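Enquirer: Residue numbers (this note's numbering), protein chains in the order written: chain A, 1 to 373; chain B, 1 to 167; chain C, 1 to 166; chain D, 1 to 542.
Source of the hints: derived by calculation from the structure; they are not laboratory data.
It should be emphasised that the depicted structure is a prediction, and the values quoted were computed from it without experimental measurement.
A hint or two may mislead.
[What the hints assert, rightly or not] Facing chain C, according to a computed beta carbon distance under 10 Å, are these residues of chain D, among others:
1) Pro-121
2) Lys-125
3) Phe-338
4) Ile-371
[Said to hold, decoys possible] Calculated Cβ distances over 10 Å to all of chain D for the following chain A residues:
5) Asp-19
6) Val-29
7) Ile-34
8) Val-74
9) Ile-166
10) Phe-184
11) Ser-197
12) Cys-208
13) Glu-244
14) Trp-341
Ideal Cβ positions, reconstructed from N, Cα and C, are used throughout, including at glycine.
Now for the letters of each chain:
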Amino acid sequence: MLSNYSQPLEFTKLLGWLDTTLKANMPEVWANLIEFVIVAVAFLTAYAVIALILIYAERKITAFFQARFGPNRVGKYGIFQSVADMIKILLKEIIHINNVDKFLFYAAPFFMIVASMLTFGAIPFGKMLHAVDFNIGVLYVTAVSSLGIIGVLLAGWSSNNKYSMIGAMRSGAQFVSYELSAGFALMTIVVLTGTMSFSEMIAKQEFCWNIFNGHISSIVAFVIYLISGHAETNRGPFDLPEAESELTAGYHTEYSGLQFGFFYLAEYLNMFIIASIATTVFLGGWMPIQIHGLDIFNQFMWYIPSYVWFFGKTAVLIFLSLWVRWSFPRLRIDQLLNLEWKYLLPINLVNILVMVILVLSGLTLTDLFPSLF
Amino acid sequence: MAQQIIFFILAAMIAVFSVLAVTSKRIIRSATYLLFVLLGTAGLYLLLGYHYLFAVQIAVYAGGVMVLFIFAILLTNRPGENVKTERKDRRIAAGITSLAGLAFCGHIIYWNVNKMYTLVVPAEQKIQDIGLTLMGTDKYQYLLPFEFISVLLLACIVGAIMIARKR
Amino acid sequence: MESILKYFKGLFTGIKSLLFGMSVTWKELWTKKVTQQYPENRDTLVISDRFRCELTMPHDDNNEHACTACGICQMNCPNGTISVLSKMIETEDGKKKKILDTYTWDLGMCTFCNLCVITCPSDAIKFNNQFENAVFTRSKLVQTLNHEGSKLRDKKKDVKPAETNA
Amino acid sequence: MENIKKVILNTVPEAVIEDKKILTVTVEPNKLHQLAKALRDNTALPFDMLVKLIGMDWGEKLGVIYLLASSTDLSKEIVLKTGTADRENPLLYTVTDLFETAHFNEREVYALLGIRFINNPDMRKFFLNSDWVGYPLRKDYDANPELNKLSLESKDIIDIAPRIMEVDGKLVEETVNIFAEDDYIINIGPQHPSTHGVMHFRTSLDGEIVRKIDVHSGYIHRGIEKLSENLTYPQILHFTDRLDYLSANINRHALCMCVEKAAEIEVPERAQYIRTIMDELNRIDSHLLAWACQTNDLGATTAFIYGMREREIILHIFEKTCGGRLIINQNVIGGVMFDIYADFQKDVKSFIPYMREKLVEYDRFFSHNVIALGRMVGIGVMSKEDAISYAVTGPAGRGSGWSCDIRKHQPYSMYSKVDFKEVIRTEGDSYARYMNRLDEIEESLHIIEQLIDNIPEGEVLAKTKAIIKLPEGEYFQRIEACRGEFGVYIESRGDKTPYRMKFRSPSMALVSAMPLICKNEKISDFIGIGGSMDYVIPDIDR
C-alpha cells in the first residue's frame, strides 16, 4: 500500500544501497560493525544538533512571549548563539568541590544523558529512520527514561548542598508520581492499537491518527500525557526541582562546565523525546496526512518526506510545551502532587476503562466508519 | 562471538559490582553499585532476546525499586556514618558461609544447566500472550497470584499511610 | 454529591483560568516588541536633555568659562567629588585675583544629585547627557573640566544669559 | 488628649509632660513599660502602634524616644522619652512584649548605641557583627578603621543569643539557642535570587515546611543616619533616594517636608502638585515592580517582564522630568528641582488609559490563575492585631484590614484635595496583599487624573536661605511610601546639620513580621510571601 506512492526524498533507497554494498564487499560481521558505527555517529550528531536547535528555538520563542527579542547578537538573529554557548560550556572549567562523594558526583550527569540517549535511540524519525524497533517499544521507552531520575537524585545527594538535596527530593517525588500517569496514558493507546511496537502503531495510523481514532478517550490521554511528560522533564510550571526562585538551581547548583552541560542537554532532549513519543503514539508519527481514496492528495503529501512530517509534528508539540511553560507560575509541591493523585490519575484510570469499552464495543472511528479509513 | 564477548563483559560487570555493593561502606554507593548489577542483568536478558523481561527489569528494578531505595536513603539522617568494620573472626565466618552457598548454588546450576537449555525456547514473547498469562484463569495462568500481590501492596500502602498519619 | 460538584467545578474553572493566561501570552507573541536595540539605535536614541551623565563646564568660542573658583560646588558636594584648585594672579591693573587653576571631578564617586549645579552662583557647570562613560580604569573617571589655557569670561562682555535647563 | 494626660498621670504621677506639637512625656526607665502598657490598653484611644523607636545619645544621657500612634486614628500621636545616665552599661526595659516591632528596633539600638534592653528575648546586635568595637551612633564613637579591621576570614554564624531577664526583681544574664541541635537549617541569603537584596534568613526546615526563621541583616548597612549628622540638610536629601530606592521620590518628599515645616518654608502650590503627581507615579512604578517580582517569585517569569515593560514608561517620564530614572532627585527643600517638561501632561495622560488596559490584562493573566490562587490564597495570613503589633503598614497592613494610610489620616501635599479610596482587604493573606497593590495602582491613576489637568502656574521653588538651619527642637514627619509608613525624625540643635537623624523604614516592619507569618508554610510559599510583603533591603540597612 505504502509503496504505491512515489517518495523521492526518502532515505529508503540510500540506506538500502548502503546496506547491500557493504554486505556485498565484506564479511557480514564487519558490515554490521560499520553500520553500527554509522548509526551511532548519526545519532550522536543528531542528539547534539537537535539540542542546539531546541535551545535556540526556546530562547527565541520565550523572548517573543516575554516582549523581548531574545538572542540577536551572534550571527543574524542570533542563530549562532547556542553554538557559542556550546563552545563556552565545553571550555568552562569543571569546578571541583570539596567534601563531596566524587564518584557519584561525576557519575550523576551520565545517568541523565545515558537515559535520554537510550530513549532517543528508539524513536522512529521517519520511514526507515528507526534504529531499534522493539516489539515492546512503548514499554522500553518508559523503562529507560526512568533511569534519568537516578542521575537527579544522585546529583542532589552528592553535591553536599542542602538546596540540591531539596531539589533532588522534590524531583524524586515528582518523577515517581508522574511516570505513573505518563505510563497509563500510553497504555490507553496500547489498548486502542493492540500493539506496543512503534512501527506497528504508525502503520495503524495511516489514515486515522490515534488521537482521532479513540476520540474522547484518546484526547484525554493525549492531554494527560503532555502534562505528565512536561512534568517528567522538570520544566515549568513543574520545574520545582530546580525552582530558581527558591532553590537557586536545585539539583545542579554545584555543577559547572560540561557536567552542567549534560544536565542542560538532557533536559532539552527529554523535552524533544516526550514530544516525539507523543507524536508517534498519538499523531501518526512520521506518517503524512492521508485521506482514504484521495490518491492524488496522498501522493502530494508523500512528496513531503516523512522525517519532515515527524519533526513538524514534534515542533508543534514543543511549541505547545514552551507556551505552557512561559504562561504559568510554578506549582508548589503539594499542588503538584494533588494534580497528579487527585486529578490526573483518577481521570486516567477511568479513561483507560472507557478506552477498553470503546475498543470492545467497536466504538472507535475506524470501527464505526470502516469505509472512510 | 560478539555475543560471547558482550556476555563476558556483562558477567564481569555483574560480578564486580555485586562485590562492590556489599563491601562499600557508604550506603548510597552500595545502592548505586546494586543499580549497575541490575542493569547488567537487564543486559543479559537483552542478550537472550527477552525484550519484555529486559524492559520490566529496568522499569521495575532500576527505575522503580532503586529510585525508592535512593529516595529512602536520602530521607535518612546522615546514612552510613559510624559504620564499623566487623571483627576478623566474624568476617571469616561470613566468608566461609558465602563460599558454601556459592558451592551449593554452583552445584545445582552445574547439574541442571543442560536441562535449562532444552526448556527455554529462544523466541520472542508476544505481548498479548504475556497479558493473557497474567490475567487468565486457566492452568499456567496467573490471575490469582497477581491479585494476591495487588492486595498485599494495597495493605502496604494503607499501612504506610497509617504510620504517616500518626506524626 | 456537593463535593463531587466542587471537584469538577474546580477542575473546569482551573482549566479556564489557565487558558485565559495562555491567551495573554499568545497575544504577546504576535505583538511588536518595544525593546530598543542599543547600539544600533544610536542615531535615533533620545536621551532626555535633563539626564545627568557628565559634569561639564561650558566653554565659549574664546575658550572662556564662567567659573570664578569660589568653591561653593566643592563645599556642597556630599561626597567630595569635586575639587577646585585656584591660583592667585596679578591682573593688568595690579590687583591680585583668584582664578581657577584646575577643576577636577570624579565621575566614579558622583551620585548625580545636582547640588553643585543648582548652587553654582555663576552657572559655570552643568550636566550633559552623554551617557557612554565606561572606561577601563578608575583613574580615567577623574576628569578635569576646565580646558587647557581657558580663562574666566569677562562679566561685562557676557551679554547672553547662561544656558538653563528647559 | 486631655484624657490621655490623665491616664498618664494616673499611671505614672511623676511623669514630665510637655505640650509640644506632639504630646511629649518623659519618664524614668523603670516606669516606661508600665506607662506604655497603660497607653496601649487605653480603651478609648489605644496607642498600640509603635511608629518609631529612636535610640538617642543626648550627651550626658543615653536613651530612647518612642513615637506611639493609635491604630484607630493614626494622626493621634504621643512621644515617650526615657534615658539613663549610665554610659558604661546602659540598661532599659524592653517594650517587645507590648509592641512586637520593638524587637528588631531594640536590637538595632543595642548595635548602634549600646543600650541593652531587659527582658528582650534575643539581645544580639542587629546590623553589626557581635565583635564590632564601639557603638557608632554615640557621639564619642571612635571611627578609627584600625579598631574594626576589614576581615576576609569566614566567620561562623553564632546561633546563640544573649539576653538579660528579670527574674524576681533580679537581673540574670543568660543565653538561649535560636535553633535546636538537630534542626535542618538552610541559609536563604545573603545572596539568593528571591530575597530581593542582601538579606539573610536562617531557615529551619522540616521537609518542605518552614519551622523557624532567624533574620540576619546589615550586609549593606551604610550608616546613613551617622553620615547625616555631618552633612547639611540639602546634602542629606540625596541619601533618602537610596533608602527605599523604589519609593525614592516619596522618601525625599518626607525629608523635604520635615525640613520645610521646621524652617517654616512655604512650598508653592505648583510644586505641591508636581510632588503629588510624581509621588503617585512613583507608587505605581513601585507597585508594578512589586507585582512583577512577586509573580517572578511564584515562578511566572513572563509576568515579571510584562511588569517591567509598563514600568519603563514611568521611568521614561521620570527621566524626562528630572534626569533620573530610579534615583530621581526631584524634590528639594522649598519645592522641586525641575519644573515639568512641555509634554509631561500629554505623556502622563496617555499612560493612564494604557495602564488601565494592562491592569485588566494582568487580571486575566495572573490574578485568577488557578496555580497562582493556590499559592496565594490563605497563605501567610497576618491578622490585624499582628499587623498593628508589628507595625506593618502599607499594602501589607491594609491587606490585614487595618486602615493605615497616612494619606488619609494625616493628609499632606494635595492628598486632602483629591478623592481616592483607601484599599482595604481583610483576608490578610498573600492574595490580599497582591490584590491591594493592583488596586492601589488603579487609585493612584485616579489621583493623577484629578491633578494632571489642574497644575497651577507659578514658581516651583520657594526662596530659601543659602544655608538652612533648623531651630532647636525635635521634628517628626510621617508619610505614606510605597511599602508603608515612612518616617523622618530630626533632632536639631540649631545648626546647619542635624544632631540626630532617624528614618523609619517600612521594610523593617515587613521583615520583622516574616518569621511570624511564614511559620509552618512551605518553603516555596516562604518565597512567595516574601514577594507579597515586598520589602526592600536598603531601606532596612540604612
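Enquirer: Indicate, hint by hint, whether the structure satisfies it.
Expert: Here's how the hints hold up against the structure:
no.: 1; hint: Pro-121; verdict: violated (39 Å)
no.: 2; hint: Lys-125; verdict: violated (28 Å)
no.: 3; hint: Phe-338; verdict: holds (6 Å)
no.: 4; hint: Ile-371; verdict: holds (8 Å)
no.: 5; hint: Asp-19; verdict: holds (49 Å)
no.: 6; hint: Val-29; verdict: holds (54 Å)
no.: 7; hint: Ile-34; verdict: holds (48 Å)
no.: 8; hint: Val-74; verdict: holds (22 Å)
no.: 9; hint: Ile-166; verdict: violated (7 Å)
no.: 10; hint: Phe-184; verdict: holds (23 Å)
no.: 11; hint: Ser-197; verdict: holds (38 Å)
no.: 12; hint: Cys-208; verdict: holds (34 Å)
no.: 13; hint: Glu-244; verdict: violated (6 Å)
no.: 14; hint: Trp-341; verdict: holds (15 Å)
Violation of the numbered hints given earlier is confined to hints 1, 2, 9 and 13; the remaining hints are satisfied by the structure.
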